[in-house]
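Asker: What follows is the residue order along each chain.
2 protein chains.
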Amino acid sequence: MADKVYNFGAGPAMLPEPVMQKIQQEWLDYRGMGVSVIEISHRAKEFVAILEEAQALFRELTNLPENYKILFIHGGARMQFSALPLNLAGRKPGKRCLYFETGNFAKLAAKDAKAFCNLEIAASSAESNYDRIPAYNPAIFTDDVSYVHITGNNTIYGTRWNQFPETGEVPLIADMTSEILSRQVDYSKFGVIYAGMQKNLGPSGMAMVIIREDLLGQASEQTPCLLNYTQAAADNSLTNTTNTFAVYTTKLVLEWLKEQGGVAAIEQRNIEKSAQLYEVIDASDYYRGVAHPEHRSIMNVSFNLPSEELEAKFLKEAGAAGLYALKGHRNVGGIRASIYNPMPLAGIETLASFMREFEKNNG
Amino acid sequence: MADKVYNFGAGPAMLPEPVMQKIQQEWLDYRGMGVSVIEISHRAKEFVAILEEAQALFRELTNLPENYKILFIHGGARMQFSALPLNLAGRKPGKRCLYFETGNFAKLAAKDAKAFCNLEIAASSAESNYDRIPAYNPAIFTDDVSYVHITGNNTIYGTRWNQFPETGEVPLIADMTSEILSRQVDYSKFGVIYAGMQKNLGPSGMAMVIIREDLLGQASEQTPCLLNYTQAAADNSLTNTTNTFAVYTTKLVLEWLKEQGGVAAIEQRNIEKSAQLYEVIDASDYYRGVAHPEHRSIMNVSFNLPSEELEAKFLKEAGAAGLYALKGHRNVGGIRASIYNPMPLAGIETLASFMREFEKNNG
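Heads up: the protein sequence lines correspond to chains A and B, in order.
Letter by letter, the first sequence follows residues 211 to 573 in the numbering used here.
Letter by letter, the second sequence follows residues 211 to 573 in the numbering used here.
Do not rely on the hints blindly, as some may be mistaken.
As a list, the in silico SDA-like pairs of lysine to any residue whose alpha-carbon atoms are at most 25 angstroms apart [unchecked claim]: (1) A:K324 / A:F351; (2) B:K526 / A:G244; (3) A:K305 / B:K526.
In short, the hints are calculated from the structure, not lab data.
Let the sequences and hints guide you as you build the complete structure.
Answerer: If you want it as structure tokens, here you go:
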């Protein structure tokens, strides 16, 4: 095996090394309590402090306006695909909810929402196999639309919304699972932002939901108690036993991000990191990027080689060189490098060199 | 601080020491992969093996009949309070669902279910502040009942169903959060058994749902995708990114339980452990048990002292002696010792001695 493994998995993804080490160090004895942090009550003052610190750090790192709540909800982003329309059911009952279909998860978000709202696909890039964010007419955001849903970054295809749509008075909702905290975002432009934790925030099994307060109080009566944002806001996400391990780990990740200089600094690094890989792709005809260059993600870099055989060989040799989990999603095949906030520059440089070398030897 | 801390918390609760040590040991490098188990994909073969091993171990330990599915669902038992009636909506539409109100969580289960079914309280022990399982007429389990719901063990009050109701053809559903794997149970008598993980199974944030196959396929169309048992069964609980840490930890706990001799052996130990504490309670007028002796739990031992002042003093001195989290739930006050499977006999002996000593000094 290689001396050092770099984990390019799409999620559950690598966490910052110092965070993983800290968890290990305090695993059996959290701050002298003689028990593990995962063995204490979610209502213990030590845990409530962790939860509130995570919220305060997130607020600080994102300049989140005061009229937004930060919720922790069980189940990842997929659970929000159902929870979101249930929670906004009372806003404009029966009115259209516009979904942009920009990839697999955007499609699933629409599919799951269908049981709970009057769904309409605003635009789709399915025709070009989701290689871009589709063009659309900004005049569609009319007063009779209940909300607009987008997927900020499309993990599988490696595309993203460089410019978010301007929806005016219509609440803009974004699934930011694979890009939260990776770029500076003006949260005041959004009604709800949600993100599964397992990419830029922490371990799998939970989502953060950031909601503008005036959108609370409109849930359908058919909303399961633990998916009700209003209930979660009232109970500060402790209606039941929360996923304490996920909240604890997320707090450590947020502390780490602050030490890295915050979101502006990490965004700059993410731009540089992804640019190094796109440079290799653009410098050759050997590698073909999946995403249209104008819609490229800085979190997931997806590309193909001249043949499936070469892709299989690439993956095998990359694995042996300590470059783990580069296999593309089954929907597009090929190679995908997921390079979330925790991926160090050294990992990018190792992969870029490997790509150049592989092309030389197999071109 | 005391040399050794014993954690009597009700949940998230203590996990077996060897399990916690194993997690720490392989934290940064799972089986030579160079990455942590929480950093690999839920679809990686290494993780799928963990999930399937956990299911196989559970099946082996419980002699679970083959016509039952084992599901992992996000969110703990409370999420099932909504999911259960949604999933059984198609069984006998409009017919009564009988809930036994035997404590706080039983009451919440009924409260959350109300939006999704024709709910009826079969019997309640609210009048005696849930100190017992209420008497009931077994003739109520008629053909026109959709299902019967019980809470196997009532964590707060320290009561349990010693004998489960015989419901005949009517599916019996049990929330076994605080007693799963603590006693031998004939699973074939149940339609669904579910349990939040954070007591006898693993960390918080997820539930195991054991369902008889003929009860699948009856979910309401208004069931959120990730709460749909049929979907979970079809996808082997990998519809979305599961809580990989919880599944992994649970697998280790099940391995540990097998090493302890399985459920029959641990049940015997649980009986002996709880008996030691009940003996101290019964030997004095100083300590008063909350539960009626005929309905005593072997997982949670709740009791009061002669005054609130003495209880406060007891908790303070117990904490200093390394006996952690003995404070009773706010609904009943007093003292509660949660002694799930992982609690070693030494912890019980230390607590029993402390109780005798405290009475002597403060009697």
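Asker: For every hint, state whether the structure bears it out.
Answerer: Hints, one by one, checked against the model:
1. A:K324 / A:F351: holds, 19 angstroms
2. B:K526 / A:G244: holds, 16 angstroms
3. A:K305 / B:K526: violated, 58 angstroms
When each numbered hint is compared with the structure, a violation occurs for hint 3 only.
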